[in-house]
Amino acid sequence: MNKGILMFAYNGKAHDFDKNQLDIDYIQMACANAKNIKKYMQNDNVALVTDQAGKDHVSKLNAETLFTHIIVTTPTSEGTGPNTNLDMNVRSMRIGNKTIRLPWKNQTRPDAYSLSPFNQTILIDSDYFVFDNTLDTIFETNKNILCGKHVKEISHQDSLIDYSRLHHQSIKLFWATVLYFKKSNESMLMFEMMKAVKQNWQFYSKMYKFEDSRTYRNDFAISVALHFLQGKKETTYYDLPLTIMCLADKNIMLNQKSFAFRYKDRWAGTGFPKQNIHIMNKESAMYVAGEIMYE
Amino acid sequence: MDKSFLQEIEKFSNLKTALDTKKTNAYERAKNKLVFAYEGGLFTATPELILFAKLHDTQRDLILLDNNNTPVKIIDAEKFISKAETGYYEAMNEYHLFYEELKKQRTVKKLIDE
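Chains as they are written, first to last, in numbering that gives the first Met the number 0: chain R, 0 to 294; chain G, 0 to 113.
Take the hints with a grain of salt, since some may be wrong.
Capping the alpha-carbon separation at 30 Å, the derived lysine-lysine pairs in BS3-like fashion look like this [stated by the list, open to error]:
{"no.": "1", "chain 1": "R", "residue 1": "Lys273", "chain 2": "G", "residue 2": "Lys22"}
{"no.": "2", "chain 1": "G", "residue 1": "Lys15", "chain 2": "R", "residue 2": "Lys171"}
{"no.": "3", "chain 1": "G", "residue 1": "Lys102", "chain 2": "R", "residue 2": "Lys263"}
{"no.": "4", "chain 1": "R", "residue 1": "Lys182", "chain 2": "R", "residue 2": "Lys37"}
{"no.": "5", "chain 1": "R", "residue 1": "Lys249", "chain 2": "G", "residue 2": "Lys109"}
{"no.": "6", "chain 1": "G", "residue 1": "Lys30", "chain 2": "R", "residue 2": "Lys182"}
{"no.": "7", "chain 1": "R", "residue 1": "Lys151", "chain 2": "G", "residue 2": "Lys82"}
{"no.": "8", "chain 1": "G", "residue 1": "Lys103", "chain 2": "R", "residue 2": "Lys256"}
{"no.": "9", "chain 1": "G", "residue 1": "Lys53", "chain 2": "R", "residue 2": "Lys256"}
{"no.": "10", "chain 1": "G", "residue 1": "Lys2", "chain 2": "R", "residue 2": "Lys151"}
Source of the hints: derived by calculation from the structure; they are not laboratory data.
Next up, chain R with everything else stripped away, as it sits in the complex (with noise of 0.2 Å):
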């Protein structure tokens, strides 16, 4: 198979700082995505890479037709510091007006390329949501790399650095919320410098000043890493030509078409147009896709 979408998923307990569980059920949202880019792409091949527990769960959900690949693997933890071990890395984030602490399994991102069984591949993350098929515009690009960079938040109440650059003083931040890569010796080049920035996370994050992130970021290893093929130079040659539309951890999903957002430290909704959307909340991720797996 030449095309197609890949997506990782782990599932993950968060906790509240009154110690509720809540569990964050990646591989639904990775099942419920799979079924929409079934209806709105035509490029409809998806790739799942995912642990046993999360296959088992697929089979669970009568999701395996959904995918044309099941990938199992076993993370392992690379590196040194507590970012890059799997069960350190931790990540603080709000859903509504809670904040909750939820284990990141993200490291194995960077074996893309080895895991990918496509030519062309559109890796996304499991809560980017595809509504639309702009993305099938994307596999006829001859460019072997094209990297999230033009990011929105649905609400339009801020304008921040953090979606922009790495720190205000360092280089541009690619989003790999949403990757196009072809099989190429760039892209293998691209992922195993991925991969160097990951082993040598302390380093990277004070010569690209992020030391004060807590957590490994794929987003954050994309970017040093594109900067390095670009020439430690800013260019627009990897910069995907779409903007990536998401809703930020603070504001809440009502449903497939309407949102609520934080405004004058009220809360305030409105419609959304449907479309591709990246969904940070992760509660409101959940809830979306259970509507798309459950419609």
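We have chain R already, so just place chain G on it with the hints.
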């Protein structure tokens, strides 16, 4: 100043924010739909691009920069224009229809529900 007047302004401001946010997201959707591929390049179908491709001197090679500033030689100008126009009209018609519907929505509840 009268309290009810301020409340009226606040209500209007909330509705305007909800309207504007929904409209901006529809515009972002339209902009993403304007992107099309030709000969490996990815372009955004703008009126300027379409007009330039239509009006260019056919005695000369037509080289255009794609969205990543890569020069692409347009071998079949008609096909290029057709792709650009299709993308442009589809995206803008959809945005226009959406906007016409949006104009009728006079409450935040309607903006959320419809």
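Holds or violated: are the alpha carbons of lysine 103 of chain G and lysine 256 of chain R at most 30 Å from each other? 18 Å, holds
With a cut-off of 30 Å on the C-alpha distance, tell me whether lysine 30 of chain G and lysine 182 of chain R pass. With a Cα-Cα distance of about 29 Å, the restraint between lysine 30 of chain G and lysine 182 of chain R holds, given a limit of 30 Å.
Given pair status - lysine 256 of chain R, lysine 53 of chain G, alpha carbons within 30 Å: 38 Å, violated
Does lysine 102 of chain G pair with lysine 263 of chain R here, judged by a C-alpha cut-off of 30 Å? Within the cut-off at roughly 24 Å; holds.
Between lysine 2 of chain G and lysine 151 of chain R, does the CA-CA distance stay at or below 30 Å? 36 Å, violated
For the pair supplied as a hint, lysine 151 of chain R and lysine 82 of chain G, confirm whether the alpha-carbon distance does not exceed 30 Å. Status holds; Cα separation ~27 Å.
Restraint check for lysine 249 of chain R with lysine 109 of chain G, where alpha carbons must lie at most 30 Å apart: Answer holds: lysine 249 of chain R to lysine 109 of chain G is near 23 Å, not above 30 Å.
For a C-alpha distance cap of 30 Å, please report whether lysine 273 of chain R and lysine 22 of chain G respect it. 12 Å, holds
Take the C-alpha atoms of lysine 15 of chain G and lysine 171 of chain R, compute the straight-line distance between them, and say whether it is at most 30 Å. Given that 30 Å is the threshold and the Cα spacing comes to 33 Å, the pair is violated.
Please verify whether lysine 182 of chain R and lysine 37 of chain R have alpha carbons no more than 30 Å apart. 23 Å, holds
In this structure, the earlier hints numbered 2, 9 and 10 are contradicted, and the remaining ones agree with it.
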